[in-house]
Amino acid sequence: MRRRSARTLLADPGARAGLLILALLAGAALLAPLVAPGDPAALGPSAARLLPPGPGRPLGTDPLGRDVLSRLLHGARASLLVGVVGAAIAVGLGTLVGLAAGLGRTAADRLLMGLADVGLAFPRLILALFLVSLAAPSLGLVIAVLALTGWMGVARLVRAETLSLRERDFVLAARGLGLAPARLALRHVLPHLLPTVAVAVALRVGNAILLESFLSYLGLGAQEPTVSWGAMIEQGRAHLLDGWWLTAFPGLALTLAVVGCNLLGDGLSEALDPRGEGRVLP
Amino acid sequence: MSAAPLLAVEDLAVAFKGDGAPVQAVRGVSFALPRAGTLALVGESGGGKSVLALALLGLLPATATVSGRVLWEGTDLVALPERDRQRWRGCKLGLVLQDPLAALNPVLTVGDQVAEGLRYHRGLGRRAAREAAVSLLAEVRLPDAAARARDYPHRLSGGMRQRALLAAALACGPELLIADEPTASLDVTVQAEVLDLMAELVRARGMALLFVTHNLALVPRVAERAAVMFAGRLVEMGPARAVIEAPAHPFTRALLAALPERWPLHGRLPAADAPGPDPRRPPPGCPYVCRCPHARPACADESALGLALADDRRVACLPEVAGPLARGEVPA
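From first to last, the protein sequence lines are chains A and B.
Everything in the first sequence is counted per this note's numbering, starting at 13 for the first residue and increasing by one.
Everything in the second sequence is counted per this note's numbering, starting at 4 for the first residue and increasing by one.
In short, the hints are calculated from the structure, not lab data.
Beta carbons: idealized from backbone N, C-alpha and C, even for Gly.
Accuracy of the hints is not assured; some may be wrong.
If you anchor each label on the Cβ, the simulated ranges turn out as follows [as the list claims (entries may be wrong)]:
hint, chain 1, residue 1, chain 2, residue 2, range
1, B, Pro109, A, Ala119, 28 to 34 angstroms
2, B, Arg158, A, Leu43, 54 to 60 angstroms
3, B, Ala150, A, Leu127, 18 to 24 angstroms
4, B, Asp79, A, Leu93, 54 to 60 angstroms
5, B, Asp199, A, Pro25, 53 to 59 angstroms
6, A, Leu127, B, Arg224, 22 to 28 angstroms
7, A, Leu264, B, Arg125, 55 to 61 angstroms
8, B, Arg224, A, Arg117, 38 to 44 angstroms
9, A, Leu93, B, Ser70, 55 to 61 angstroms
10, A, Ala119, B, Arg125, 58 to 64 angstroms
11, B, Arg90, A, Gly26, 47 to 53 angstroms
12, A, Ser150, B, Phe19, 50 to 56 angstroms
13, B, Ala311, A, Ala194, 46 to 52 angstroms
14, A, Leu175, B, Tyr155, 23 to 29 angstroms
Non-contacting residues of chain A with respect to chain B, defined by C-beta distances greater than 10 angstroms in every case (computed) [unchecked claim]:
hint, residue
15, Asp24
16, Leu81
17, Asp129
18, Phe182
19, Leu184
20, Leu189
21, Leu191
22, Pro203
23, His204
24, Phe226
25, Gln235
26, Gly263
27, Asp278
Here's a subset of chain B near chain A, in silico, CB distances under 7 angstroms, partners left out [claimed, not checked]:
hint, residue
28, Phe19
29, Gln89
30, Arg92
31, Leu127
32, Ala131
33, Leu198
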């Protein structure tokens, strides 16, 4: 069954493209120190400032003479790491909350879903802005904010599926074996949720990367000397007219990453659908 | 029955909350099961058999209210906190459900599921649990047990799945096995095989058995005693053979008459001609008056019901009806 899913995934051109894009970006991030032509933080001589793309500087240089390609490759590390880790923690947290709400007592269910509803009632950006303003900006804080603002939707999704799973006979049989609630949830219910969770992770990574770049753009995320795509766009903002390459390339990279995640998420939802048709998520 | 029984159910009642009046699924049920005793709980669909079985295990949903007592060698399980009940379920009670495909988790191998109780309750390691699972599967006579243990449930046939489920329930050596219609989804020959196997294992391991079924004909195969349930109440209880050969309650008679094997080919089976009583507002006295051919005004009087035909045989019916019925005569 797993092999069949992998084949379905690879047969889908969209999913293949998504995988390819993400593999390239992940490779760039991992190998940045090796493949980058220079040090992303090394200031250039005054003659090398704000140069358009050309020989020896494929993507140009910034107002401080730093090589944009090197910064883009190193920026991939922060952007992708924060996006992936932030989304993974958010989905993990949401899955645990959803399981607890779906399998627990009515009172626990009401409390957890009430919290999720309150969280969803605030626009995510406003909530994220409020949370990052509580401490000194850093990538760790951004990850925490992504996790804290991203779990609610997954929790509701997982709870809904858990509610239907708990009525299944094999859950009753497992309870008949006298298993503790945690073992029941993690070993007998969770595996059935993995397709939903995998799709949620893929779709949410794109979102998290965008949110990270937004926060960095506002100066609330990556701080110098750490580079991230959002921070690069912010630095290039003053030169939109005389230095288009400062914003265009990080913007393009962001777009590619988000498109890649969404393509993969779509492909996964189709490949993991147990009915073999349609999608796990609408 | 001089010593305290393994299980004594006293005045057990289960009601489900919902819109309007609660649904009274089980009302005032009392029976006892000695160590290694076997009892079949027989009745029609919706009669409360499965609810009673789940109530013994403490597996009813939160909307159910259970009253009365379920005494396990003197310990009242109903009053026990959920943590203790959970342990009780795995170690002392075993459960086998009706539909073996639905009751096996499709994403875990058969061996993992059989070993699950051992790993959790006995703390067995992966290897030891796997070996124990294989020998359990061999004990339920699953052919090629070692290979089947590595299979996922969808690769097994219905009878094989039911054996695997039985092995999982037996893993921790329960003292009471509760089997809820364990063979209803199997064809007749496999059904007989699995039932005989179950009866044999119950005997060999000295377990007590509570066998829930709608099919009276299966009862003598596995159980010494039979309890007939209608609309949440026990209407007749006694040795399985006596109940089948000389049914004293009109409902038991109707249930027997509805067995297809008792009817000639192409004959019409008798069907229930009226619904059971409203479980939200059960009538006073006998619940079967709505269908009973011998119903009379005295049936509404609770105190008039009840007849002991022998030491171990009781009928919840008017003596002037049940007495003649048990002798095979038509009541006046």
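Do the hints match the structure? See the list:
{"no.": "1", "hint": "B:Pro109 - A:Ala119: 28 to 34 angstroms", "in the structure": "31 angstroms, holds"}
{"no.": "2", "hint": "B:Arg158 - A:Leu43: 54 to 60 angstroms", "in the structure": "44 angstroms, violated"}
{"no.": "3", "hint": "B:Ala150 - A:Leu127: 18 to 24 angstroms", "in the structure": "48 angstroms, violated"}
{"no.": "4", "hint": "B:Asp79 - A:Leu93: 54 to 60 angstroms", "in the structure": "57 angstroms, holds"}
{"no.": "5", "hint": "B:Asp199 - A:Pro25: 53 to 59 angstroms", "in the structure": "57 angstroms, holds"}
{"no.": "6", "hint": "A:Leu127 - B:Arg224: 22 to 28 angstroms", "in the structure": "54 angstroms, violated"}
{"no.": "7", "hint": "A:Leu264 - B:Arg125: 55 to 61 angstroms", "in the structure": "59 angstroms, holds"}
{"no.": "8", "hint": "B:Arg224 - A:Arg117: 38 to 44 angstroms", "in the structure": "41 angstroms, holds"}
{"no.": "9", "hint": "A:Leu93 - B:Ser70: 55 to 61 angstroms", "in the structure": "58 angstroms, holds"}
{"no.": "10", "hint": "A:Ala119 - B:Arg125: 58 to 64 angstroms", "in the structure": "33 angstroms, violated"}
{"no.": "11", "hint": "B:Arg90 - A:Gly26: 47 to 53 angstroms", "in the structure": "50 angstroms, holds"}
{"no.": "12", "hint": "A:Ser150 - B:Phe19: 50 to 56 angstroms", "in the structure": "54 angstroms, holds"}
{"no.": "13", "hint": "B:Ala311 - A:Ala194: 46 to 52 angstroms", "in the structure": "49 angstroms, holds"}
{"no.": "14", "hint": "A:Leu175 - B:Tyr155: 23 to 29 angstroms", "in the structure": "25 angstroms, holds"}
{"no.": "15", "hint": "Asp24", "in the structure": "23 angstroms, holds"}
{"no.": "16", "hint": "Leu81", "in the structure": "46 angstroms, holds"}
{"no.": "17", "hint": "Asp129", "in the structure": "22 angstroms, holds"}
{"no.": "18", "hint": "Phe182", "in the structure": "4 angstroms, violated"}
{"no.": "19", "hint": "Leu184", "in the structure": "6 angstroms, violated"}
{"no.": "20", "hint": "Leu189", "in the structure": "5 angstroms, violated"}
{"no.": "21", "hint": "Leu191", "in the structure": "5 angstroms, violated"}
{"no.": "22", "hint": "Pro203", "in the structure": "4 angstroms, violated"}
{"no.": "23", "hint": "His204", "in the structure": "6 angstroms, violated"}
{"no.": "24", "hint": "Phe226", "in the structure": "38 angstroms, holds"}
{"no.": "25", "hint": "Gln235", "in the structure": "45 angstroms, holds"}
{"no.": "26", "hint": "Gly263", "in the structure": "42 angstroms, holds"}
{"no.": "27", "hint": "Asp278", "in the structure": "24 angstroms, holds"}
{"no.": "28", "hint": "Phe19", "in the structure": "15 angstroms, violated"}
{"no.": "29", "hint": "Gln89", "in the structure": "5 angstroms, holds"}
{"no.": "30", "hint": "Arg92", "in the structure": "4 angstroms, holds"}
{"no.": "31", "hint": "Leu127", "in the structure": "14 angstroms, violated"}
{"no.": "32", "hint": "Ala131", "in the structure": "17 angstroms, violated"}
{"no.": "33", "hint": "Leu198", "in the structure": "19 angstroms, violated"}
Going through the hint list in order, the structure does not satisfy hints 2, 3, 6, 10, 18, 19, 20, 21, 22, 23, 28, 31, 32, 33.
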